[in-house]
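Trainee: Each of the two chains sits in its own frame; use the hints to bring them together as a complex.
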Amino acid sequence: MVLFPAVVAQFVAGALLLVGLRRRPAIGALVGLAVLAASTAVVATRGIGASTTLTETVGWLSTLGFDLVFELDGFAVLMALIVLVLGFGVLLYSLAYFEHDSTYARFVGLFMAFAGSMTGLVLAADLFTMFVFWELTSICSFLLIGLNDKSESARQSAVRALLTTGAGGLCLLGAVGILQVELGTTAFADLVALQPTGAVMDAAIVLILLGAFTKSAQFPFHFWLPGAMAAPTPVSAYLHSATMVKAGIVLLARMSPVFGQSDLWRWWVVLAGVATMLIGGWRALRQTDAKLLLAHSTVSQLGLLTVLVGLGWSTALYAGVAHLVAHAVFKVALFLGVGVIDHELGTRDVTKIGAARRRAPLVVAALGASTLSMAGMIPLFGFVTKEKALVAVLDAEVGAAGTVALVGVVLGSVLSVAYSARFLHALLSEPDRGEHDAVANHHEHHESSVLTRVLLGAPVLVPAAASLLFGLIATRVGKWLVAPSTSLAGSAKSKLVLWPGINDALIISAIVIVVGAVIGWRAPLSVAAPHGKHRSRGERSFDAVYDATLGLAKRLTRVTQPGSLPMYVAVTSLTVAVVAIAALAVDGWPAFEGFVSDSPLTIAVTVLTIAVSIGVAVVSARFTAAVFLGGVGYGAAVLFLMRGAPDLALTQVLVETLTIVIFLLAMRSMPHSFAPASSWAPKTVRIAVSLLVGIVVPLLVLSVHGARTAPSVAEDYAPRSISEAGGANLVNVILVDFRGFDTMGEITVLAVAALGVVNLVRAAERHRRQRERENSNASAAAGSATGDVS
Amino acid sequence: MTFIRSAILDELVDRWLSKVAALVALYVTFRGHNAPGGGFAGGLVLGGVFVLQFLTGREPHLRHRPIRRPTMLLGAGLLMALGTTAVPLFVDAAPLESHIWKPDIPVIGEVKVVSSMFFDLGVFMVVVAVVLMMLLSLGARGSSLVGDDGGEVS
Chain A
23 MVLFPAVVAQ FVAGALLLVG LRRRPAIGAL VGLAVLAAST AVVATRGIGA
73 STTLTETVGW LSTLGFDLVF ELDGFAVLMA LIVLVLGFGV LLYSLAYFEH
123 DSTYARFVGL FMAFAGSMTG LVLAADLFTM FVFWELTSIC SFLLIGLNDK
173 SESARQSAVR ALLTTGAGGL CLLGAVGILQ VELGTTAFAD LVALQPTGAV
223 MDAAIVLILL GAFTKSAQFP FHFWLPGAMA APTPVSAYLH SATMVKAGIV
273 LLARMSPVFG QSDLWRWWVV LAGVATMLIG GWRALRQTDA KLLLAHSTVS
323 QLGLLTVLVG LGWSTALYAG VAHLVAHAVF KVALFLGVGV IDHELGTRDV
373 TKIGAARRRA PLVVAALGAS TLSMAGMIPL FGFVTKEKAL VAVLDAEVGA
423 AGTVALVGVV LGSVLSVAYS ARFLHALLSE PDRGEHDAVA NHHEHHESSV
473 LTRVLLGAPV LVPAAASLLF GLIATRVGKW LVAPSTSLAG SAKSKLVLWP
523 GINDALIISA IVIVVGAVIG WRAPLSVAAP HGKHRSRGER SFDAVYDATL
573 GLAKRLTRVT QPGSLPMYVA VTSLTVAVVA IAALAVDGWP AFEGFVSDSP
623 LTIAVTVLTI AVSIGVAVVS ARFTAAVFLG GVGYGAAVLF LMRGAPDLAL
673 TQVLVETLTI VIFLLAMRSM PHSFAPASSW APKTVRIAVS LLVGIVVPLL
723 VLSVHGARTA PSVAEDYAPR SISEAGGANL VNVILVDFRG FDTMGEITVL
773 AVAALGVVNL VRAAERHRRQ RERENSNASA AAGSATGDVS
Chain B
211 MTFIRSAILD ELVDRWLSKV AALVALYVTF RGHNAPGGGF AGGLVLGGVF
261 VLQFLTGREP HLRHRPIRRP TMLLGAGLLM ALGTTAVPLF VDAAPLESHI
311 WKPDIPVIGE VKVVSSMFFD LGVFMVVVAV VLMMLLSLGA RGSSLVGDDG
361 GEVS
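For the protein sequence lines, the chains are A and B, in the order given. The first sequence begins at 23 in our numbering and counts up by one. The second sequence begins at 211 in our numbering and counts up by one.
Bound-form chain B, shown alone (with noise of 0.2 Å):
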């Protein structure tokens, strides 16, 4: 397949778009609760920008950055969705009954926090690193690029 390449589009994905995408996709993660969006949109979202990064020639590029080792990633996803899950046992609660916070934080003024946002940002990072996964192992061309956790350079 061929691969589209320009220096001003290097630039843009390169400087500017994985950055704001970034941004993009944590707001969708977080607005979810209220507005269409959530941890699986979100991740998808993040996940686009490095399909996007990787179709531009942006291989090698990806294979360092952003996220080093996407296992790692998504055990970490998983145990945050998982924690989530759990902790409300510990209370005696429904295992992921929500619990809704609302700190008053200097400046912004009060803040709602509820328990589950943490369940639906495990969701988030599951989709980010299976993503990424896919990208680098299905992606690899040549015979090195699969390193032992499916990121590294080996």
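The shape of chain A in the complex, shown without the other chains (with noise of 0.2 Å):
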């Protein structure tokens, strides 16, 4: 076993960094790095070239059928090793990012525990492993774009992720739920093997898909990733580029071999990766901080990938996977390089980051080598895996579907060639004069150190490097590929090379390149903010929706919750006697036998016991009436006593007897006497409501006595009692060891009311200091007033 460890280990370092090194963040990365070295080593050693796929069963739920289940297949390995590798690379840049920042404990520990999140998640063999990771990551997501938690703006942000993303995990337990009831299993292999259709899959369909939509931003839930770059550089060029919005082509690369014939699949999967193609490039021309420039072309790109990995056809599954690998490499270092520039222009407007050039020209070169591949040029990586999407969509057998696919990538890799364009040209311009001496000004306050300048370069440097490189190998890191698609689907063997020859995809995206590039390059870099528009569009309507929510709640509440006490007993009292009457009118009276006792004893007990009853209801004092509440309840005890419970008995007399003590000191701050009746329950309502529960409730507790099929339990328990529990009181074995978890229950219930009792008290006294105080300004107020007139 040594997957599950390996995610765990990651968690185990996160929660020790969260408590334990917050003085000392940066041991505390140094730590997290080792355990992020470690866990790559695992996965490189047991996944690359594996002739079997190792696999691990961590037991958890399994009389459901739901355990923790990991392999590490093609697709696992590589996945695993971009979260771990970028993951490694990442957290190195963020310590000189934080460098002086306070929040740097924090952030180390989520990334931690998000990076153990991610890996079990792409470690997952089956779909409910998946969901239980998947809503770790939503998690570590909401605390990390938070990290900044006095911005309000940040916390807002971190709160639509939060739930968009979560309620698409619900979706994904709905999935869950029905392929387990339905099919018995939720394996991605057995699922692939089966090939489930109807009407119920359908509604699973729905379902994963709209979990996989809103964690990778598709349309329209494409809203929540451009807020979500509230958090600091290091989180949005990990989560929300480069793993967790990949978390949803994931699901999507996992189930596109089990439903990808599906009609419904496939047209809703095109569909909404072309709508967000679009409309994330669009977005992207239209941004002057580079950062949001370059979230909005994330959101294009998960886009063009969801329409390969979800189209169900094998070369575009091949296409994707090589993709997403393209992906991830080239926007992370664009991600951290822009950091960078942050870091020493102290801006991110497109308008100035030229002046860059001059302060970190090798920076600026791996942002311009990443920008080419982002846009498709030869000889990137970027160039090659474009050529293959255009290939894969170019041949689709998928009908109409595939015709729409085609014309949404043509038009977003257009989109992407212009934004990507157009973030060149912001690179390459010369900034004003003045703009110049203020970033000067900047650079002074922030001279770095080489360690610094080397701790931020060499992520940024690294995976731009990568990207020319693997351009260059292509054929060779296209063999590498084999393996994970195959993984997902047998078919989906292909190959990738660097120059194909001229064909269909290569004069299209000549074409592409030259129509992108003009419009990139013409596109005006400063855009007027839109006046009154802090929020995008879906911003506004999630937020309309989150509102309205509040307020049905708020309504709702008010109704059920007016706080009147005789409304609540009220309710309750007649509900109990309603469902008793339905009862005893479905099942019949009950039988009066063997409940008449002949005990003079006891008789006498039960008469004074009601009579002493009668006066709780009588009297007008609360005092007198508590004390006979007491009676009522001594006199119930000596009944038990009586029919041989002494246990109950004594329970029951130490219990009143506190009762009556804890009442009468709760009643001191209380009217002496009862409210008068109000206006809606007047006396004789309340007391035919009395009438008819006490009437009902010990009819109820009669059928109930005689309605006896399976034998008692005690005679299970009684011969039990002494060999396995070591007890003679079967009462209180039975509460400590047979039915301890109730008692567990109920002690929990009893620490949980004292404490709302001291809680309850406690605000109560300081509402009335408080008042005390105003009213003593008040009258001082009022005091000196009157010293100045007189």
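These aren't lab readings, by the way, just hints derived from the structure by calculation. For each residue, glycine too, the CB sits at the ideal point set by N, CA and C. Do not rely on the hints blindly, as some may be mistaken.
What the hints assert, rightly or not - To give a feel for the contact side, a few chain A residues facing chain B, derived at Cβ under 7 Å:
hint	residue
1	Leu672
2	Leu676
3	Gly748
4	Leu772
5	Ala776
6	Ala786
7	Asn799
Stated by the list, open to error - Computed footprint of chain B on chain A; a stretch qualifies when at least three of its residues, placed anywhere within it, have a C-beta under 8 Å from a C-beta of chain B:
hint	segment
8	337–349
9	683–690
Mentor: Written out as structure tokens, the structure is:
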């Protein structure tokens, strides 16, 4: 067993860092780097070139058919390496990026927890396991977007991201339920073999797609991703570009060999993907913040991946896997590079980042190379994968959906070339003289050490170099990608080449690049911000739904919780009475035999208890009523004793004693007498309700008692009491052993109630004190005022 | 409400009753396994003594002793019960499954110890803490008596 420990180690490291190394976050980060390196080693040695696929099962809810199952197949190896290696690079980068930031300790801990969740997600061999880690990534993402918890917009973005991805997670849970109930399995391998179809499966398809679309920011859920850019650069680079938003793509890749032949699946995927591609690409052309430009380009690229991976066509799947690698590599370099520029210049405005050329030429060169890869320019890896994507959709044998996909991919590529060109334009443009001085001033405050420059630069340069290298050795990289894609679908075997020769795809590419470059280069760098629109349309609709939900909840609460104790008691009692009457009407009235006692003592105590309980109802002083109520309890205790239940009697007496005292204590601050009957429930109504409940409940008790069909559990427990639990008092043995869980729950309730009492009293106390202070202030003010007058 | 005060009662409640009652409460708790009693009843016995102390006007005294922080006792009791529930899981047994030890102690002889005893002790602690917390918070007169955890004088 190595996979599970590799996942858990990252969580443990994260937890330890959050608790233990708060003061020394840099050391914590080094520990995190070591853990990531170790996990990478495990995945690489066990996964690459292994003859048999490593599978691990960790028992969890085995009786329900749910266990944590991990499998290190080709795709899992590829994704895990992306997650771990990029995680290593980004964590290294963060060492220099955060420098003086007090939130760094929290970042490192959450970062490790996220890396663990994401590793678990990509290693998952069934949908249930994936769901568990899916939710964990959502939570980590929420906490990391809101890392700067003092910024209101960061908190709002975090909530939007959490609720959107969380809703998708619920959909996924629904799909898990459907698959488990209908097919008895959620394992990807079993599902591929079963190829399930039918109306119920269509429901599962919709739920799975909703999960994938929310997570991977597909239209119409694309709005949360640009908002998530409120997080620091390392978070954006890692979670919201390279890994977490790929979770939806991973899910689609796992499920498209299962449902890819369904029209429903295909159309949803193609339409959502194409819409996302175009909206993201268009928005990216209109951003003035370089980071937001990249965020919108990520949305657009995720749309392309959705189309490729979800199309259910084997070559497209292969192209999708290849482009996923290409995107992870160039996008992480781009985000981190923009972070370096931000760090150096103190701005990310596209009209100003041209100044970075002199300050950090290597980083800008790396950014340029990655941008070319994003645009799909030869000889970078992005060109190779985009060619493959075009070939795949050109050849796709999937009918009309394929045509829509082709048009979408071509238009999307034009836009992606355009926003890449615009970004390049920004990098190469000459800033104004004044800007240059301002930037120079910033730089004086920020003289970075060599170590900082290396730590910030290396994670940008290495992936940029990889984009170039992968392009040059495209054929070999193509062979590496065969195992990952064939592990998804056996037929998805294909190859990559750097120079494909003159073919349809290349001609389309050339046209795309020319058109896109012209649009992008001529697109204005400075775009006037639209008036009064701080939020995008998607964010505004989200907020509208959010506010409406909260408003509805408030209105419902006002109706169901009016705060009137008599109302609560009346509703509860009447419900009990109605349900009991219905039960009695269906099952017949109880028999009365065996319940008539002939013992004079029993009769005497019973009569006395009844008399006292009538007393509770008629006296007008609260104090007396409480004492009478205690009397009823003591009467019941005596009855228990006489029926042979000493344990019950003992406890009843003790409880009754304490309750009276606590009652009396609480009553000191209440009016002496009961309040007069309110208008909505006059005395007659109250008496009627009481009588009804008083008659129905005993009848119900009698009929419940007579309804026993199974033998009493006591007959089972009694002989086991001494031998298994070592106790002769059966009541106690039941409490602490046989039904110990119940007791555990009861004492927890008791503890919560006590804490509630303490806090309620304290709140009332605080309220009273505040009022007193206000009163004394007011009187003091009045006093000084009169003093002035006199 | 009026509080009963007299020197003899003070002496009695102060010096002796609480000690004897604590012993009785523990006795009731531990005998529970074989005879009427148990953690719940034992906790209520000790709680009853606290009530008596309270009613004899020993409230300030109750505040400083015998348990400084009832919330800590509450948590400790819950943890002890939870621990007894969970420990059998580590030896591949069902949660709460009882284990019976019969150690031979010199002079006293063979003693039978059942693991569920610790569960009952947890119940006992929770009940004592709950009674104390309710007494101290509801019984607080004046404004400054409720401290940070319901126990300390602030």
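Trainee: When the nearest CB of chain B is found for A/Leu772, is that gap smaller than 7 Å?
Mentor: Cβ of A/Leu772 sits 5 Å from chain B, so the hint holds.
Trainee: Report holds or violated for the interface hint on A/Gly748, using the least CB-CB distance to chain B and a cut-off of 7 Å.
Mentor: For A/Gly748, the interface hint holds, since the closest Cβ of chain B sits about 4 Å away, which is under 7 Å.
Trainee: Check, residue by residue, whether the segment 683–690 of chain A contains three or more positions whose beta-carbon lies closer than 8 Å to a beta-carbon of chain B, and give the verdict.
Mentor: Our answer is that it holds, as 6 residues pass the Cβ test (under 8 Å) against chain B, meeting three.
Trainee: For the hint on A/Leu676, does the least C-beta distance to chain B fall short of 7 Å?
Mentor: Holds, because the Cβ-Cβ distance from A/Leu676 to chain B comes to roughly 4 Å (cut-off 7 Å).
Trainee: For the segment 337–349 of chain A, do three or more residues have a beta carbon lying closer than 8 Å to a beta carbon of chain B?
Mentor: Result for this restraint: violated, n = 0.
Trainee: Closer than 7 Å between Cβ atoms is the bar; does A/Ala786 clear it against chain B? Give me holds or violated.
Mentor: 10 Å, violated
Trainee: Does the CB of A/Leu672 sit less than 7 Å away from some CB of chain B?
Mentor: For A/Leu672, the interface hint holds, since the closest Cβ of chain B sits about 5 Å away, which is under 7 Å.
Trainee: Mind checking the CB of A/Asn799 against every CB in chain B and telling me if the closest is under 7 Å?
Mentor: 16 Å, violated
Trainee: Hint validation: A/Ala776 versus chain B, beta carbon distance must be below 7 Å. Holds or violated?
Mentor: 4 Å, holds
In terms of the numbered hints stated before, the structure departs from hints 6, 7 and 8, listed from lowest to highest.
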